[in-house]
Amino acid sequence: MAISLRESVEIGLADIMTRKVRTGVTVLGIILGVMSIMVVLAIVNGMNKSTLRWMEERGGLNKIEVRPNWEMDFINWKQASFTFNELKLIRSLIPEAKAFNPQIAANRYPVQKSEISYDTQVRGVYPDMTITDEWEVQTGRFINYYDINNYNNVIVLGSTAATELFGNKNPIGENVVVQNNVLKVIGIMQTKYLKMQGGWGGDNALEYMNRQVFVPLTTMFKKTTLDQAVSNIEVKANSPEEAVLLRAKLQTIILNLKQGKKLFEVSSAKEQMDEMKQNAAIFTTIFVMIAVISLLVGGIVIMNIMLASVRERTREIGVRIAIGARRIDIFIQFMVQTILITSLGGVAGIILGYSILSLVGKYLSMELVASLSMIYAAVFVSVGVGLLFGIMPAIRASNLDPVTALRNE
Amino acid sequence: MPLIETTDIIKDYDMGKVKVRALNGINLSIEKGEFVAIMGPSGSGKSTLMHIIGCLDSPSEGSYILNNLRVSDLRKSELASIRNKQVGFVFQTFNLLPHLNILKNVELPLMYGGITYKERIRQAKEMLASVGLSDRLRHKPGELSGGQRQRVAIARAMVNNPAILLADEPTGNLDTQSGGDILSIFNDLHAKGHTVIIVTHDLNVASRANRVIRIIDGKIVDGDIAA
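Protein chains in written order, with the numbering used here: chain A, 1000 to 1408; chain B, 40 to 266.
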């Protein structure tokens, strides 16, 4: 029966305590390696998380977007547009889509109410916008298909647009004027909010959405802005997986509709996200590789020191063997000591990594996500390095011949 | 049945191409409770014999029976257990572990013997008390005199109550006064019925034993009879 782990740990700790400076210098490589792994993973986690949240706020991973293909050499960009009949046809070909929202947007467009004129983005949309943008009205109602088919003069306001135009008054039922058309306010949207420090638009990254106003696509198309063409469709599938399939199908339908000319680009949020993640993964891999190399160098340094320690303590090993230690006892003693040193480095690296993360997080307003699994990984890695680089010194120690070892000065 | 019985023990060392015969047919029999001195000039093979008797080394040929066990046939892990339970070593240079206090040093054989922590402390304290060092338990070996260190070493050697106590020039690094103290302890242990074997080239030390075995060139020249 080998001596207990507790005793090996005691022996190892005693030795570490008598050689504090050496141990400290030895574990530096492990500390830095573990620290950099923590920092890199936290940055990547943070980036992924804020990207995902951004995507979700803008309609989630089920969303598919049809936009003009700007790589095409358009004579007139209106080449890349859909007629009302084409839109009806496309919708009928993709009954599985959860939502279908072709839209036009006019930027810096004046919306007037008696003496007030508010320049903002006017969007002509379908009723399904509430689904594609995951955005409901706060009061009143949203645009419906009756409004679409009858070119109704109605308008829904974003919350900021409503206060800018009406102050504290209830705007529902009131009229506003958009390019000589009198539109009746039928609803106010919920306020969109996404806190993103260091982002654009102040504290709320989605404030621009609260400034928007919405009219039926057909009304916008026919009555308000004659210059517009529908070139943008948002579609929503039931799941991210369906979105990938639906995107391919939609691309084919549109390609056929436009006689094989690739006038439109059809993209799914899921695929964009995956691509972003892939790009991030390349960086992650590179940084983690660098950290791993630093860990390996740290491990080699530790192996070196442990080999020196075996030589230095040859006589001690001889004495231990003389009084009854078996090879396995000596092996475990050195193994445990190496692992203790690397674990110590691991713990120090975790603490240092956390300190750096909280500092960086505070001053660079970056989102950093430290997780428990990172700590597990750090501990696992440092123990692993100890195991890997502790074996050789431990074998050397346990193979010493006691008679020779005792003669060693 | 003698406690120690060796038959035609030969020990060869490979020194590259040359084979050196350190022991050349040792026939030795030691009864339980004897106090034996093994004498011989340096290079005579007395240390090698001690290592074999102490199970630190195995003979190249011949048989060695210790306490009814044919040690020459045992595997290394079994030898470790014999060293732990049956043999206590005392060295010329004490060989205490410098970074452990003397209580921990004396505890070591018990630890490798698998004795529980509490029991270890109790037995180690008892042994240190018997060599008069109860008041130094937390001292490191470096804080003690040579004589005190050798007493710690004896306590460590005896703590597992071994069948034989093997001492290799135990007074070689001590002044006459402390050397005498140490030899008195050996005499006491012998008087209590312990088997003591001292390797030495000092006649004064050997004279304390009740039998002297002389070795020259790997052979016993006389003395394998009760003195």
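Derived by calculation from the structure, the hints in this document are not laboratory data.
Some clues are possibly wrong.
What the hints assert, rightly or not - Derived list of chain A stretches under chain B, where covered just means 3 residues or more per stretch with a C-beta under 8 Å from a C-beta of chain B:
1. 1011 to 1017
2. 1122 to 1130
3. 1393 to 1405
Said to hold, decoys possible - What follows is a set of in silico ranges between Cβ atoms, one per label pair, in the way DEER data are often shown:
4. B:102 / A:1327: 43 to 49 Å
5. A:1327 / B:107: 34 to 40 Å
6. A:1354 / B:116: 29 to 35 Å
7. B:181 / A:1327: 28 to 34 Å
8. B:107 / A:1406: 38 to 44 Å
9. A:1296 / B:223: 54 to 60 Å
10. A:1051 / B:156: 31 to 37 Å
11. A:1327 / B:52: 22 to 28 Å
12. B:178 / A:1406: 25 to 31 Å
13. A:1311 / B:178: 40 to 46 Å
14. A:1023 / B:256: 36 to 42 Å
15. A:1383 / B:59: 41 to 47 Å
16. B:232 / A:1307: 53 to 59 Å
17. A:1383 / B:243: 56 to 62 Å
Unchecked claim - Chain B is nowhere near these chain A residues, computed Cβ spacing over 12 Å in every case:
18. 1020
19. 1047
20. 1089
21. 1147
22. 1206
23. 1260
24. 1261
25. 1358
Every residue, glycine too, gets a C-beta built ideally from N, C-alpha and C.
C-beta pair residue 1296 (chain A), residue 223 (chain B): status relative to the range 54 to 60 Å that was hinted: This hint holds: roughly 58 Å between Cβ atoms.
Minimum Cβ-Cβ distance from residue 1047 (chain A) to chain B exceeds 12 Å: Residue 1047 (chain A) clear of chain B: closest Cβ-Cβ about 49 Å, beyond 12 Å.
Residue 1089 (chain A) non-interfacial with respect to chain B [C-beta, more than 12 Å]: Check passes; 80 Å lies beyond 12 Å.
Beta-carbon spacing of residue 1354 (chain A) to residue 116 (chain B) - inside the hinted bounds 29 to 35 Å or not: Once the Cβ atoms are compared, 48 Å apart, the range 29 to 35 Å for residue 116 (chain B) and residue 1354 (chain A) is violated.
Assessment of proposed distance window 25 to 31 Å (beta carbons of residue 178 (chain B), residue 1406 (chain A)): 27 Å Cβ-Cβ, so the 25 to 31 Å window holds.
Range hint 36 to 42 Å (beta carbons of residue 1023 (chain A) and residue 256 (chain B)) holds or violated: violated, 53 Å
Whether the CB-CB distance between residue 181 (chain B) and residue 1327 (chain A) falls inside 28 to 34 Å: holds, 30 Å
Verdict on chain B covering the segment 1122 to 1130 of chain A, where coverage means 3 or more residues with a C-beta closer than 8 Å: Our answer is that it is violated, as 0 residues pass the Cβ test (under 8 Å) against chain B, missing three.
Residue 1261 (chain A) and chain B, when compared Cβ to Cβ, separated by more than 12 Å: Non-interface label on residue 1261 (chain A) holds, nearest chain B Cβ at 77 Å vs cutoff 12 Å.
Status of the given 40 to 46 Å range, CB of residue 178 (chain B) versus CB of residue 1311 (chain A): Hint violated: Cβ distance 23 Å, outside 40 to 46 Å.
Consistency of beta-carbon spacing, residue 52 (chain B) to residue 1327 (chain A), with hint 22 to 28 Å: holds, 27 Å
Assessment of proposed distance window 43 to 49 Å (beta carbons of residue 102 (chain B), residue 1327 (chain A)): violated, 27 Å
Hint check: violations occur at hints 2, 4, 5, 6, 8, 10, 13, 14, 16; the rest are consistent with the structure.
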